[in-house]
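Asks: Model the placement of chain G on the given structure of chain C, informed by the hints.
Number of protein chains: 2
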Amino acid sequence: MSILVVGSVALDSVKTPFGTREDALGGSGTYFSVSASYFTSVNLVAVVGSDFPQKHINLLKRHAIDVDGLQRVPGKTFRWKGRYTYDLNTAETLDTQLNVFAQFKPSIPEKYKNSKYVFLGNIDPELQLEVLKQVKKPDLVVCDTMNFWISSKKKELIKTLKHVDILVINEAEVRQLAEEKNLVKAARMICSWGPKSLVVKRGEYGALFFNKGHIFSAPALPLEDILDPTGAGDSFAGGFVGYLAKTGDISDKSLRRAIVFGSVMASFNVEDFSVGRLDRLKWPIIKKRFDQFKVLTHFDSVR
Amino acid sequence: MSILVVGSVALDSVKTPFGTREDALGGSGTYFSVSASYFTSVNLVAVVGSDFPQKHINLLKRHAIDVDGLQRVPGKTFRWKGRYTYDLNTAETLDTQLNVFAQFKPSIPEKYKNSKYVFLGNIDPELQLEVLKQVKKPDLVVCDTMNFWISSKKKELIKTLKHVDILVINEAEVRQLAEEKNLVKAARMICSWGPKSLVVKRGEYGALFFNKGHIFSAPALPLEDILDPTGAGDSFAGGFVGYLAKTGDISDKSLRRAIVFGSVMASFNVEDFSVGRLDRLKWPIIKKRFDQFKVLTHFDSVR
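Here the protein sequences come in this chain order: C and G. Quick note on our numbering: the first sequence kicks off at 1 and runs consecutively. Quick note on our numbering: the second sequence kicks off at 1 and runs consecutively.
In isolation and in its complexed conformation, chain C is listed as follows (with noise of 0.2 Å):
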């Protein structure tokens, strides 16, 4: 099955103690769309600006990402620039510039409109809904969010929240959005608002997913060389969604599963700066990484 993708189409600065770059490829639907083209395929909704280069449309088609609706428009591309210190778990925005994404009203292109599996990137929650009212009958819908639209809009990201059947969040946001320090009575909190499930984004600790009542705990890989945190967070929802688009089963057994490809596709992203990892990837060494994390978890039961 394939994914609808909406999200956005940046050109990120950034500087680790690592090494920097300038106007490399990212943003929620980049990572996102790379990261699940090692599953199934994926068709990207975003926009970018007159200035944004062909090399990267060619890499995004490589991946075979259908970009039909990625829109070109007049003006700049959407541009983030941080930096991360040595402890690489919280990124400092040293300046966005929205540019053209700030006009972006998602069209959802014709073919797209019967996509059964729908990821919603980390935009406007207003805008979220605006492209669940274009799709006709979604089997799967995940949406991310972020601190800066549950501080802005958090009438509007609740009432999107509805016609959610996963959320994926960071902790902190999970506490914020819920307004409770209790991880596990927040996280009900938000599953009583919509979402059947919940996948709770922990950094180098991992993730946890709530489901039906049910929790289940992935750690993430432990790393020597992370080069690059910068879009962890939508490499892991590419590698969850794109499992369960491949499959087309969303049982409690094939959902553990992709949380642990999400926690897969986020240990090689964080290798590299920009999608740099995830572009030069093959099957068997993504089935070899998944491997690894059952060899990490695995414990035998007692009598």
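Among these hints, one or two may not hold up.
The list treats identical chains as interchangeable, and a pair is accepted whether it falls inside one copy or across any two copies.
[Unchecked claim] Here are the simulated DSS-like pairs of lysine-lysine, each with C-alpha atoms no more than 27 Å apart in a straight line:
1) K162 - K196
2) K294 - K181
3) K76 - K159
4) K294 - K253
5) K155 - K294
6) K81 - K212
7) K196 - K153
8) K81 - K111
9) K288 - K136
10) K61 - K155
11) K116 - K133
12) K76 - K162
13) K253 - K288
14) K159 - K136
15) K294 - K212
16) K282 - K55
17) K287 - K253
18) K212 - K137
19) K81 - K136
20) K196 - K113
21) K133 - K154
22) K155 - K133
23) K196 - K137
24) K116 - K137
25) K181 - K15
26) K113 - K159
27) K196 - K246
The hints are simulated quantities; they were obtained by calculation from the structure and are not laboratory data.
Replies: Using the frame of chain C, we list chain G on its own:
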């Protein structure tokens, strides 16, 4: 196999958002011993003052903890006073009175000198080494420490570590001790100083176990009601060493299960103040929670 533990026995005054306790039974030796007592017999070496209530001694004895090595000397018992805010992750120490603990010289009773399993609670690394000199030929030495000793007695600590098989330590302390931000690199460095393995405690994020180049990741159980996190690390160590001593098996498989039993005991400990919850456990309850960890972490392989 029984365990020899040397640590502190204290009277703790604790305030959390969920209540307050004055002069409650605490200390690293106490939490460790009560936790480990569900797995095997425990011999406790520590010191208390003349003010130490008999009811606390009775509690230890009720768990078949041998207190022949628990010296009672004139003066006041070691006291710690601390509080936690809503995030429950870090204790704020309000007052520490070493009292009789300041002059503590662990003297290992003759009958314990052949101990095969030794746990060195979080005390001065020079005293930890003194303990090891008195023990004849242990099979397994597990050691805890803390930021205070890393700052003030790093040289002595590293000397002690040469004789330690497994170091149990908090995440921030791993980085502090190795002077290395990357956890994997820091762990490898510490293991090059003596310990064969390293247990990294990550609080609500669980534990990482570094063993001969392999890593095992165990989550913490997401809990709805945490009353008091004091002693979680020592309860963890009690379950960990307790399981190893009970089985006499220190294979990788057994070590992984031991880590999970450590997480199980820590998860109980935080559900009440002092050793309240640990005091009233039964083996079937412990086993049931172990099984919960299996459900929490299990996912199927893919072909």
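Asks: Each of the hints needs a verdict: does it hold here or not?
Replies: Verification of the hints:
1. Proximity of K162 to K196 under the C-alpha cut-off of 27 Å is restricted to the intra-copy arrangement: shortest distance 10 Å within a copy versus 52 Å between copies.
2. For the homomeric pair K294 and K181, the shortest alpha-carbon distance between copies (26 Å) is at most 27 Å, but the shortest distance inside one copy (31 Å) is not.
3. For the identical chains of this complex, K76 and K159 are neighbours neither inside a copy (31 Å) nor across copies (60 Å), given an alpha-carbon limit of 27 Å.
4. In this homomeric assembly, K294 and K253 come within 27 Å of each other (Cα to Cα) both inside a single copy, at 14 Å, and across copies, at 14 Å.
5. In this assembly of identical chains, the alpha carbons of K155 and K294 never lie at most 27 Å apart, being 40 Å within a copy and 38 Å across copies at closest.
6. Proximity of K81 to K212 under the C-alpha cut-off of 27 Å is found in neither arrangement, the shortest distances being 39 Å within a copy and 41 Å between copies.
7. Taking identical chains as interchangeable, the C-alpha atoms of K196 and K153 lie at most 27 Å apart only when both belong to the same chain, with a minimum of 21 Å there against 52 Å between chains.
8. In this assembly of identical chains, the alpha carbons of K81 and K111 never lie at most 27 Å apart, being 35 Å within a copy and 66 Å across copies at closest.
9. When the C-alpha separation of K288 and K136 is checked against a cutoff of 27 Å, the pair qualifies neither within a copy, at 37 Å, nor between copies, at 45 Å.
10. In this assembly of identical chains, K61 and K155 lie within 27 Å of each other by CA distance neither inside one copy nor across copies; the values are 37 Å within and 57 Å between.
11. In the homo-oligomer, the alpha carbons of K116 and K133 lie at most 27 Å apart inside one protomer (14 Å), although the nearest pairing across protomers, at 68 Å, exceeds that limit.
12. For a Cα distance limit of 27 Å, the shortest separation of K76 from K162 qualifies neither inside one copy, at 34 Å, nor across copies, at 60 Å.
13. In the homo-oligomer, the alpha carbons of K253 and K288 lie at most 27 Å apart both inside one protomer (19 Å) and across protomers (21 Å), since each shortest distance falls under that limit.
14. For the homomeric pair K159 and K136, the shortest alpha-carbon distance inside one copy (18 Å) is at most 27 Å, but the shortest distance between copies (68 Å) is not.
15. Taking identical chains as interchangeable, the C-alpha atoms of K294 and K212 lie at most 27 Å apart whether they share a chain (24 Å) or sit on different chains (18 Å).
16. Taking the closest pair of Cα atoms, K282 and K55 come within 27 Å of each other only inside a single copy of the chain (21 Å); across copies the shortest separation is 64 Å, beyond that limit.
17. Proximity of K287 and K253 under a CA criterion of 27 Å is satisfied in both settings, with 17 Å inside one chain copy and 24 Å between copies.
18. For a Cα distance limit of 27 Å, the shortest separation of K212 from K137 inside one copy, 22 Å, qualifies, whereas the shortest one across copies, 52 Å, does not.
19. For a Cα distance limit of 27 Å, the shortest separation of K81 from K136 qualifies neither inside one copy, at 37 Å, nor across copies, at 61 Å.
20. For the identical chains of this complex, K196 and K113 are intra-copy neighbours only, at 23 Å inside a copy versus 58 Å across copies, given an alpha-carbon limit of 27 Å.
21. Taking CA atoms no more than 27 Å apart as the test, K133 paired with K154 passes inside one copy only; the shortest distance there is 19 Å, against 62 Å between copies.
22. With identical chains, the CA atoms of K155 and K133 are at most 27 Å apart within one copy only, with a shortest distance of 18 Å there and 66 Å across copies.
23. Taking the shortest Cα distances, K196 and K137 sit within 27 Å of each other inside one copy (17 Å), while across copies they are farther apart (56 Å).
24. When the C-alpha separation of K116 and K137 is checked against a cutoff of 27 Å, the pair qualifies only within one copy, where the shortest distance is 7 Å, while the shortest distance between copies is 65 Å.
25. Proximity of K181 and K15 under a CA criterion of 27 Å is satisfied inter-copy only: 18 Å between copies versus 32 Å inside one chain copy.
26. Taking the shortest alpha-carbon separations for K113 and K159, only the intra-copy value of 21 Å comes in at or below 27 Å, while the best inter-copy value is 67 Å.
27. For a Cα distance limit of 27 Å, the shortest separation of K196 from K246 inside one copy, 20 Å, qualifies, whereas the shortest one across copies, 42 Å, does not.
Comparing the model with each numbered hint stated earlier shows that hints 3, 5, 6, 8, 9, 10, 12, 19 do not hold.
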